[in-house]
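Enquirer: Turn these sequences into a full structure, and let the hints steer you where they fit.
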Amino acid sequence: MYVIVVGAGKIGFYLTRALLSASHEVTLIERDAHISAAAAEEFGSIVITSDGTEPSVLEEAGANRCDILISTSGRDATNLTACQVAKYSFNTPRTVAVVTDPDHVPLFRELGVDVTISTTELILSHLEEELTGGPFVHVLPMQGGSKGIVVIRAPYGSPVVGQTVSRLKLPEGTLLVAVIQKNGDLQPALADPEIAPDDEIVAITPPEKEDELWRALTGEAKR
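Using the numbering used here, the first residue of the sequence shown is number 18, and each one after it goes up by one.
Derived by calculation from the structure, the hints in this document are not laboratory data.
Fair warning: there could be bad hints in the mix.
Stated by the list, open to error - Only pairs whose alpha carbons sit at most 27 angstroms apart, straight line, appear in this in silico BS3-like list of lysine-lysine:
#: 1; residue 1: Lys199; residue 2: Lys226
#: 2; residue 1: Lys186; residue 2: Lys199
#: 3; residue 1: Lys186; residue 2: Lys164
#: 4; residue 1: Lys104; residue 2: Lys27
#: 5; residue 1: Lys104; residue 2: Lys164
#: 6; residue 1: Lys104; residue 2: Lys199
#: 7; residue 1: Lys27; residue 2: Lys199
#: 8; residue 1: Lys186; residue 2: Lys226
Unchecked claim - Label-pair ranges, simulated between beta-carbon atoms:
#: 9; residue 1: Asn200; residue 2: Ala55; range: 45 to 55 angstroms
#: 10; residue 1: Asp228; residue 2: Ala55; range: 43 to 53 angstroms
#: 11; residue 1: Pro224; residue 2: Glu71; range: 38 to 48 angstroms
#: 12; residue 1: Glu225; residue 2: Arg92; range: 29 to 39 angstroms
#: 13; residue 1: Glu71; residue 2: Ala213; range: 35 to 45 angstroms
#: 14; residue 1: Glu237; residue 2: Ala50; range: 46 to 56 angstroms
Ideal placement from N, C-alpha and C gives every residue a C-beta, glycine not left out.
Expert: Structure follows, in structure tokens:
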């Protein structure tokens with residue numbers, strides 16, 4: 018799979034490392050020369066020092082053949098623009114944007130971004146989990162309410178522990194997005210991480226499939 022990552026900050030840097038470790042082809046675009054240089058020390062020639070919202074830059078990066086573009090900068094406008102240019106100028110099949118302001122999520126969806134990841138909502142969901150002790154957290158509903166993002170912790174003894182993401186049998190209509198490891202590292206599903214006890218699994222699922230997803234990931238009936 019060929020992935021273009023826009024933004025070489027912490028999210029983009031570690032995402033790129035994980036994707037390369039999983040043998041995916043990656044191009045990393047970063048417009049800040051200092052950040053780009055630091056990334057190039059780690060990743061070499063796959064790093065492009067330029068603006069990932071510019072059509073000419075995305076063309077140089079091969080956006081017309083990439084499978085997915087993921088924009089991870091700390092600026093919502095940048096992430097939205099990069100995704101739109103990729104989708105509508107180069108017909109990129111899938112686009113993913115990190116969103117800092119959760120109020121922007123509906124706009125991103127309306128403007129064609131396939132997957133939005135709200136960092137604020139993720140932090141709030143973890144805070145809620147720590148306060149309530151609950152292993153199942155609703156992060157946020159998606160546009161139209163037909164699906165929502167949930168986080169489920171894999172307990173000891175779960176049938177998915179020791180399995181890689183690609184081997185999991187999930188309910189129809191459910192998409193696994195990422196795995197948050199016990200040490201706090203975020204591993205995208207594309208990197209096919211192996212699930213360990215107490216890892217948190219981020220998934221998109223229809224509400225009517227939540228119970229089935231819970232059983233698949235924990236081996237227990239949902240409380």
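Enquirer: Confirm or reject each hint.
Expert: Okay, the hints, checked on the actual structure:
| no. | hint | in the structure |
| --- | --- | --- |
| 1 | Lys199 <-> Lys226 | holds (25 angstroms) |
| 2 | Lys186 <-> Lys199 | holds (22 angstroms) |
| 3 | Lys186 <-> Lys164 | holds (18 angstroms) |
| 4 | Lys104 <-> Lys27 | holds (24 angstroms) |
| 5 | Lys104 <-> Lys164 | holds (22 angstroms) |
| 6 | Lys104 <-> Lys199 | violated (34 angstroms) |
| 7 | Lys27 <-> Lys199 | holds (18 angstroms) |
| 8 | Lys186 <-> Lys226 | holds (13 angstroms) |
| 9 | Asn200 <-> Ala55: 45 to 55 angstroms | violated (22 angstroms) |
| 10 | Asp228 <-> Ala55: 43 to 53 angstroms | holds (45 angstroms) |
| 11 | Pro224 <-> Glu71: 38 to 48 angstroms | holds (40 angstroms) |
| 12 | Glu225 <-> Arg92: 29 to 39 angstroms | holds (36 angstroms) |
| 13 | Glu71 <-> Ala213: 35 to 45 angstroms | holds (40 angstroms) |
| 14 | Glu237 <-> Ala50: 46 to 56 angstroms | holds (51 angstroms) |
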